[in-house]
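Taken in sequence, the protein lines are chains A and B. Going by the working numbering, the first sequence opens with residue 1, and the numbers climb by one from there. Going by the working numbering, the second sequence opens with residue 1, and the numbers climb by one from there.
A hint or two may mislead.
Residues from chain A that keep clear of chain B, each with C-beta distances beyond 12 Å, as calculated [unchecked claim]:
hint, residue
1, Pro25
2, Pro27
3, Lys87
4, Lys136
5, Ile173
6, Pro183
7, Pro224
Partner residues are not named here, just some residues of chain B that face chain A (Cβ under 10 Å, in silico) [said to hold, decoys possible]:
hint, residue
8, His98
9, Glu143
10, Gly166
Derived by calculation from the structure, the hints in this document are not laboratory data. Beta carbons are placed, not taken as given, at the ideal position from N, Cα and C, and that holds for glycine.
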Amino acid sequence: MSQPTDRRMDRLIHLLAENATVVMPGPKIAAEIGVTRATVWAWIERLRSLGVEIQGYPATGYQLRVVPDLLTPSLVRPELGECEIGKKIVHYFLTGSTNTVAMELAADGAPHGTVVLAEEQSAGRGRFGRAWYSEKSSGIYVSIILRPTLPPAAAPILTLLAGVAGHHAIRKITGLVTDIRWPNDLLISGKKVGGILTEMSAELDRIHAVVVGLGLNVNHRSMPRDLRSIATSLSLEGGRRYSRVHILAALLKEMQRFYLLLQERGSAEVVRGWESISSFARGKRIRVLRNSEEAFGLTQGLEPSGALRVRFEDGREEALISGEVLELK
Amino acid sequence: MPGKTSRKEERQELLNLEALREIVDLLSERSISEFEMEKNGFRIRIKRGVVLESSAEQGMTAHTERAATHPITAPTTPIETPASAKAEVRDRAPENLHVIRSPIVGTFYASSSPEAPPYVKVGDKIQKGQVLCIIEAMKLMNEIEAEIAGEVAEIYLQNGQPVEYGQSLFGIIPSGS
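Just chain A, same shape as in the assembly:
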């Protein structure tokens, strides 16, 4: 499988970004990052193929035209300050799935707050092996390793937390207001802009690690035909391009903020936050799909666990833990 981005390549990007006002001679770059001139040339070509605008001047060197919107550690970390989530960043230009990588890193002992990023996923996935369309450098494909001290039975609230953090991050950077469909799909005008897949490795009484994977459609100029009716991007909704670096940094900071609130005060803040954002919290007519069975009901708010209270048509009330929730129009 693919390798994480070479640290020296990240330094090349950083060097060009820091010296964006001048032309950097090839040999100087090669010496500073410790590779041959041929490698510098090859990497510059690679970056150009990813849409990074680098001007080449024969016999003088290279200059960045625009600081690229890549999610490499050297470009993301300065935006994070003291944030514990994102202290360690593993970046890929291409990988199968950031969640798979993060689960493997977690099993190998990666610390709490480790973040795995990819510009492109060849096997981005949602629940039950469903695919997540992961266009190159247009979306944010991120997985966060958490090592909470919660009992495993309380872990599902983390999935709602991720949705709430995503909502706030998007609003802060773009001004766009996302709805949250239970438990955590991020929607704009009823279409999905963000999906979250959370995986846990745990024993009966102890969590080893939780990996929160988030796919966010940011600068997609169009969605594939078969997704157009159900998915959109921030750019399509807001009518402009957005800085992925800024949205990602805001997301990691919001995750950190709500994670601390959860650890300190329990699930109440997350539940309250979710209920204030989501149109699905109360009085929403929904269709519930479970195990290929269908039921209709009305939402009645969240349980402290994050379960969705539903009054079904037959009068039965239930706190929903699993199942697909769809709006009934």
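Chain A is already provided as a structure; the job is to place chain B on it using the hints.
Leaving out everything else, chain B in the frame of chain A:
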């Protein structure tokens, strides 16, 4: 998107529920404490009360053959009577079994996707750390791993079934026992 339930499937589901009720009634009537059957990839296992292995309690334990060897064509196929089940008292004492339990309330999934084969089947040899199933709650996918190496002797749940905290998922015969 999950597939829609066809009318035919719905009818079959109802039929199964009806048949299930009949089976349960029959089991109680004849004091059969354990029952298992498989039909069209649908497997059902019913346990009532405590299974006693002592010979003094003959007749309390029934164990039907796997569908693979004796296909059951209709749910109303006669169930072995306690008398004929005597010779078939389970050869594996339950105390040998290492039971793997669910750390969360959720839904049991036997495979990673609806199209994928199940992670494990009864009789499979498994390694410590091997993924056995997924328990899902609020889109948190909890991969349940084998705590020990051994052989899968029991799978207590069907795909898509709800699970309580601490509920038994698998019975494993530890390696070397």
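Okay, the hints, checked on the actual structure:
no., hint, in the structure
1, Pro25, "holds (51 Å)"
2, Pro27, "holds (50 Å)"
3, Lys87, "holds (24 Å)"
4, Lys136, "holds (25 Å)"
5, Ile173, "holds (24 Å)"
6, Pro183, "violated (4 Å)"
7, Pro224, "holds (15 Å)"
8, His98, "violated (13 Å)"
9, Glu143, "holds (6 Å)"
10, Gly166, "holds (7 Å)"
Consistency with the previously given hints fails for numbers 6 and 8, ordered from lowest to highest.
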